[in-house]
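Top line first, the protein sequences correspond to chains A and B. Counting in my numbering, the first sequence runs from 629 upward without gaps. Counting in my numbering, the second sequence runs from 629 upward without gaps.
Worth flagging that the hints you see were computed from the coordinates, not collected in a lab. The structure displayed is predicted, hence computed values, not measured ones. Fair warning: there could be bad hints in the mix.
For chains that are exact copies, the list does not tell them apart, and a pair is met inside one copy or across any two.
In silico SDA-like cross-links for lysine to any residue, where the CA-CA straight-line distance does not exceed 20 Å [what the hints assert, rightly or not]:
no. : residue 1 : residue 2
1   : 695       : 648
2   : 661       : 676
3   : 652       : 674
4   : 652       : 665
5   : 661       : 674
6   : 695       : 672
7   : 652       : 700
2 protein chains.
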Amino acid sequence: MILETAVFSVRPGGADLFRATFAKARRFIETSKGFHRLELRQGIEVPDSFVLVVWWETLEDHTITFKQSDNFIQWRALIGHLFAAPPVVHHYSETV
Amino acid sequence: MILETAVFSVRPGGADLFRATFAKARRFIETSKGFHRLELRQGIEVPDSFVLVVWWETLEDHTITFKQSDNFIQWRALIGHLFAAPPVVHHYSETV
Numbered sequence: 629m630i631l632e633t634a635v636f637s638v639r640p641g642g643a644d645l646f647r648a649t650f651a652k653a654r655r656f657i658e659t660s661k662g663f664h665r666l667e668l669r670q671g672i673e674v675p676d677s678f679v680l681v682v683w684w685e686t687l688e689d690h691t692i693t694f695k696q697s698d699n700f701i702q703w704r705a706l707i708g709h710l711f712a713a714p715p716v717v718h719h720y721s722e723t724v
Numbered sequence: 629m630i631l632e633t634a635v636f637s638v639r640p641g642g643a644d645l646f647r648a649t650f651a652k653a654r655r656f657i658e659t660s661k662g663f664h665r666l667e668l669r670q671g672i673e674v675p676d677s678f679v680l681v682v683w684w685e686t687l688e689d690h691t692i693t694f695k696q697s698d699n700f701i702q703w704r705a706l707i708g709h710l711f712a713a714p715p716v717v718h719h720y721s722e723t724v
């Protein structure tokens, strides 16, 4: 199982709308092949940022299967306009 | 429960030593008040980076209790010389 971390920056004052929109959009991630679980959390030092941590079965479940799916198109259509900057995404391998 | 993310950069070729040293040093985090659990994972895009994700009961359990403890001194004494740059640390609030 691998880990994805995605840091989202939202516009000043946009955090509440982001949270509400994420609640509707998360199912497009959660129903994707290889999804295990996720946590979305708001920044403490930077309240206009959120981290999304997703545990995927494999790297390709995120980077290929999800990214090339209709689920991804619907996820981005719902929430993408709330990003103040491109998400900063990294992947990490099995636990040490 | 809050989340800490710490991204560590190690010197080129230093990843194996970092993993081995972390195995010895992790107990100084794991025995600290308010610690719940942690995951250390190596970067896929950037193999000379690691993310340490720690679930703490409160922000202060990390930023005050741990950071001002003898455990922190011992953690840093064991592993700090392996960092190629200062760790990049953020905290995130309760799950959305």
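We went through each hint and held it up to the structure:
1. 695 <-> 648: neither (23 Å within a copy, 34 Å between copies)
2. 661 <-> 676: So residue 661 and residue 676 fail the 20 Å test inside a copy (30 Å) and across (29 Å) alike.
3. 652 <-> 674: Neither. Shortest intra-copy (23 Å) and inter-copy (32 Å) distances fail the 20 Å Cα cut-off.
4. 652 <-> 665: Within one copy, since 16 Å is at most 20 Å while 29 Å is not.
5. 661 <-> 674: neither (32 Å within a copy, 25 Å between copies)
6. 695 <-> 672: Close across copies (17 Å), not inside one copy (29 Å); limit 20 Å.
7. 652 <-> 700: For residue 652 and residue 700, only the intra-copy Cα distance (13 Å) is at most 20 Å; the inter-copy one is 41 Å.
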